[in-house]
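Order-wise, the sequence lines are chains L and P.
With this note's numbering, the residue at position 36 of the first sequence is 36, and numbering never jumps.
With this note's numbering, the residue at position 1029 of the second sequence is 1029, and numbering never jumps.
Hints were generated in silico from the structure; no laboratory data involved.
Possibly wrong hints are sitting among the right ones.
[As the list claims (entries may be wrong)] Straight-line Cα separation of at most 27 Å, DSSO-like style, residue types lysine-lysine; simulated pairs:
#: 1; chain 1: P; residue 1: Lys-1087; chain 2: L; residue 2: Lys-30
#: 2; chain 1: P; residue 1: Lys-1113; chain 2: L; residue 2: Lys-14
#: 3; chain 1: P; residue 1: Lys-1110; chain 2: L; residue 2: Lys-115
A quick note: this is a predicted structure, and the numbers were derived from the prediction, not measured.
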Amino acid sequence: MKQEVDVLVVDDDKDICVMVEAILKYAGYKVTACSLPDQLPQTLSSTTPRMMLMDMLLSGTDGRDVCRLLKANPASSHIKIMMMSAHPDADKSCREAGADDFMSKPFDMDHFIDKIKMLLAAS
Amino acid sequence: MDTAAALKYNFLAGGGEMGELTREKDWSKTTLGDIEGWPQSLLTTLSIILHSKFPMFLFWGADLTCFYNDAYRPSLGKDSKHPLILGMPGIQAWPEIWDIIHPLIEQVLEGGEASWSEDQLIPFYRNKKIEDVYWTFSYSPVNDESGKVAGVFVTCSETTDKINAAKKIAESERDFRSLIHESPLAAAVFRGRDLIIELANDASLELWGKDRAVIGKKVAHVFPGLEGQQYQSILRKVYETGTTFESRETLALLQKENRQQPVYVNFIYKALRDENGFITGILSMGYNVTEQVNARNQLEEMEERTRLAIDANEIGIYDLNILTGEVVFSEKMHHIYGSAEPLSADMYISMIHPHDLELRKKAHEKALLTGKLEYEFRIVLNDGSIRWIDSHSKLYYNKNGEAIRRIGTIQDITQQKNMLSLIEDTEKKFRDTVMQAPVGIVLLKGSRFNVEMANETYLQLVGKKENEFVGKPLFETLPEVREIVEPLLAGVLKTGEAYHAQELEVTLNRFGKKEKGYFNLVYQPMRENDGSITGVMAIANEVTKQVEAKFSLEENKEKFSKLVMQSPIAMTIWRGQDYIIEIANEAMLANIWRKDANEIIGKKALEIFPELIEQQYAALLEEVFTKGLVHRQNESVTYVQGNDGMKKFYLDFEYSPLFEKDNSISGIMITVNDVTQKVEARQQLEDAEARLRLAAEGTGLATWDLDLQNRHIIYSPRLAVIFGYDESSIITHAQMREGVHPDDRRSIVEPAFETAIKTGIYLYEARVVHPNNNIRWIRTQGKVIFDENRTPLRMLGTIRDITEEKENEAKLMHLAAIVQSSDDAIISKTIEGIITSWNYAAQKMFHYTAEEMIGQHITKLIPEHKIDEETTIISRLKKGERIEHFETQRRTRENTILDISLSISPLKDGNGRVTGASKIIRDISRQKETERRVNENEQKFRLLADSMPQFIWTGDPKGHLTYFSRTVHVYSGLTPLQMEEGGWLQIVHPDDREENMKQWMHSVQSGEPFLLEHRFRRYDGEYRWQLSRAIPQKDEKGNIQMWVGTSTDIDEIKKHDQQKDDFIKMASHELKTPVTTIKGYVQLLLKMNSSGKDPFLASSLLTIDKQIFKLTKLITDLLDVTKIETGSLELKKETFLIADTVREIAEELETTTQTHAISIRQHANPVIYADKDRIAQVFINLFTNAIKYSPKAAEIIVDISQQGNDILISVEDFGIGISQADLTKIFERFYRVAGKDEKTFPGFGIGLFIVNEIINLHSGKIWVESEKEKGSVFYVSLPVNN
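Can you make the complete structure from the sequences, with help from the hints?
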């Protein structure tokens, strides 16, 4: 039986993973985090997230490629994906890769929670 | 008085005045008491003192009572101490010097030793004042009877005079020495027979070239040389004789700064004598007079030069003493006035040209005011020639301002004057020829024949005034001539061929009425430099009077000619009753008698001409001889037997009697006019006509006979040919009229016909149009035959085809005009090289006139180094070859070498033999010079272009690239040929080609500068980025002449820029990542502590949050700058309410900063279409700046209003303000206001740069108004309808 979570956070920066997890948990969401992109397939095989929050540049992997794969796969295409990055101009390319929303780093917490809420409501 | 007392008085007996005073003094009141009580020692001492002639003084007793003798008394002066101090205590007698002498007295009183003072200054009161008195004195003790010192005996002598004398000597010695030392003169003292240098001042040492070491040495040692010896012998002589030696302006070589400098010195050697008159030394004084000598030499030189100048310029000089009237004249004066002898002043004046006397008077009047006399006048020499004189003089005044002297110069300027007037004449002639030419000249411009210029003659010709004629189209003013003249002018304008008309009949409205006039006309095309014809120069000469006169003149001429030519008058004189033939003229002999003179002269006429007897003449002669009446008879038939047989004559003859003084008749003068031909001609009229016709046909002349009643015309067959028909064609008079060129029919033929009817003479030249449309010129001449009522009956005449003549004439006119008006020198010469013609341009070019050059050899123009050319030229010409544009050199009159281009054509005679040549010479000096400069510039440009690292290229106005600098070939590895064949586009990167072509064509078409970054292929195949620019070079009309372009390799720059951008992007990403974590936690912690349980924690977290906001902003700003620079700042536009956005930002900032109140005055809240985040960024920047730079204020005022289609938002603060110098720069990148206060404000200096860029991207405007220390207002204007 797969574990159901609201948000799956994927970021190769473990500190950010923990921080985002804390904020979302504080906001009342069920959250799991993955800071090792290599393990993402395993995580997804054991977890069913309603949405994913994913950094664009994961060590050794491009988050946009991951996004494209997930959106291309019927098994995961329903999962809402919000991508995030501190990289300027990442917004456009992330959306082109199929992301449903984009969050630029650093972010305002209230604004962030609002966006999460809206995306989950749409899922 | 007792004995002792008497004795004591004896002691004091004698002793002069002082003895007496001493004795008589009442001593009882002194400490010494009466004389009776005085000790012997005192008396003895006094006795010595009073009798001594040496000044002596005595202090005696306890209070040092004073005694002195007569000799001492003068020292006390007058009306002073004497005789008061006798018997007075010392201290009272000498209060003023007591301080000085008391110690001396005490010393003697105590020690008993005598003292000696020499020349001691002891100033005391005498002669009613304190005087400086010098003394030599001795104080010696006087013992009393007990052996004790009771008094001080003073012997003294005053040495004041001696001291003063010595002082004066010393002073004068000192003065002498200082005089010598400080003297500007070189002064020295040589002492003793050995002439030891005792003194020498600096000037002397300088003159000698020695230093102070020479002092104390012998002159002979110091100056060992020859010159020194000379001076020594002079010095010795002075020393021995005592005679002063003086020398003036002696040349000496002064040693100065290691070189010898010649100086002139005046010096004096004077013997110095001691008080006894013995010579003890020599005073040498010298002074440098070099400057004076030089000045004088220069003056002399100047005078010499002036004299030379005067001599050379033939200047005469005079010096007039105004008061006495005396004048001194220099040598030259009378030469100028053409006299071998000097002349008197009056004579000089008398030679002035009478017309210039008034001029002279005025010049003199002016001179009285100005002090200078300057004028030019003429003089008449004895030989009658006139010379021009230039007179300059100056008045000299005395103290009272009266002119006393006049010194002046006189110069013959005839030559200059002649030159000037020659030049003026030439110019005037030129102007006159045009403007005052006796022929009318008018310049007509354009197709409307606007009158550009008309000379006086022309204006008179057409009866117009300049202002009503010039500047208007010709036919506006002269509509009546339009019909005739316009086609002619139009023809000239169209064909460019000159039109020439003789005696053209034109009817003009002039002088208020219609007038017919005859004109000789030349219409000459006026060409521009490019050869286009823009107008016509008309030269008109009115010949009305001549034409009219010609008709009558011709008649007279004919009559005369008939009389003379066809009826030569034969004359003979017969004498006496026997009619002896006395004289017979040649006409008589040859034509009538046909006999030799020697056969008949002196013979009886009737014997010679017996046939006369048979005729009526013998009887007639008889009658004349007897009656003395003249007999005349015409057309008398006479038979005369000549040597060639009998001949019949028709003679008009006259027999006139010749009277003697006594009224008797001595002979008969016979005048005979042979009218045989006339009579016979008349008789054979028809024959003659027929013959004429035949003759006419032979010369191409057509004859005709027009019946004026019925217009029936009889003509020779030739006439039909002239009108373009077959010889056998029959043409009517009307057809002939039809055949005349329509323009000429109305303007020439019909008027000529009308004239003929009136005058009897028919004459015109006109064009006929042949049926095949050929145009030919004809000349018609005819004569009208009238009946007795002057009704014209017939017209007889001839017609000739004169087309060729006309053409030749026109060609000749044309050629002559070309030659004369040509800018090129046109010369013709014989094959031998002799110049035969020389046009005006040749004169201008070589400065020789035609008169000077015609007949000269052509080599006169050839410079020596080109002289061989002529041989080559001649030999080529002989072969009939033309020489074209041969560039060589010729020389002018002044021997200036001209660069010329020569074209020579051989001239041939009728047999094709070369007889000469025509040369066209063009001055190409300027062209050559220009060429040379152009080449030079071209060379420079190429050198410059080749040596620049950039690529330089040029293009023609159509955009074809015509030149590439060497660097392009080096870079591309392509040869110029390859570049030319493949085109430059081949080295442009394929991806850039389309844009490149687009941009280039745009520039070429619009003339806008070209600017593009593109890649060029290098020889090794690598493409490198280049920045190319090109700017069009325009002429003064703005037409593009060429494009000049450069390409600069910016590959490295591009790479560096890319690397920098990448780096900044990466850096901002890496910086933001940790910020994200921190910010996240801070916000989370703030939320978790929102209950405010821990206020410190809350405020700390708030501070961290604020600082993180700032840090984030900095990172974002840095990145924005990069984006702006690379042009990648993109806007995400949306529609929003601008005022609301501004308000939200203001409120948020108010809460975070809490130092300033931001009050908003809102007058509008329009919707704008813009990047909301970026606009927010603008106002965040403006507000934070306003807050940051107004630390002492608490308010920011924001005003939002709509201005037309723009929203205008101002942000006003009351802070430190911005200086004027900084106002324009604050929007620049990294610009930070410099200054004491401003330095304390942190920041990157990029905020306003970004703000400005964002506003620009929105097509908005931002500006600032500010005053130092008062605050700033930033204005942002954004378009609303966007």
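Can you confirm whether the C-alpha distance between Lys-1113(P) and Lys-14(L) stays at or below 27 Å?
holds (25 Å)
Does the alpha-carbon distance linking Lys-1087(P) and Lys-30(L) stay inside the 27 Å limit?
holds (19 Å)
Sort out whether Lys-115(L) lies within 27 Å of Lys-1110(P), counting only the CA atoms.
Holds - the C-alpha atoms of Lys-115(L) and Lys-1110(P) are around 24 Å apart, at most 27 Å.
Violation of the numbered hints given earlier is absent; every hint is satisfied by the structure.
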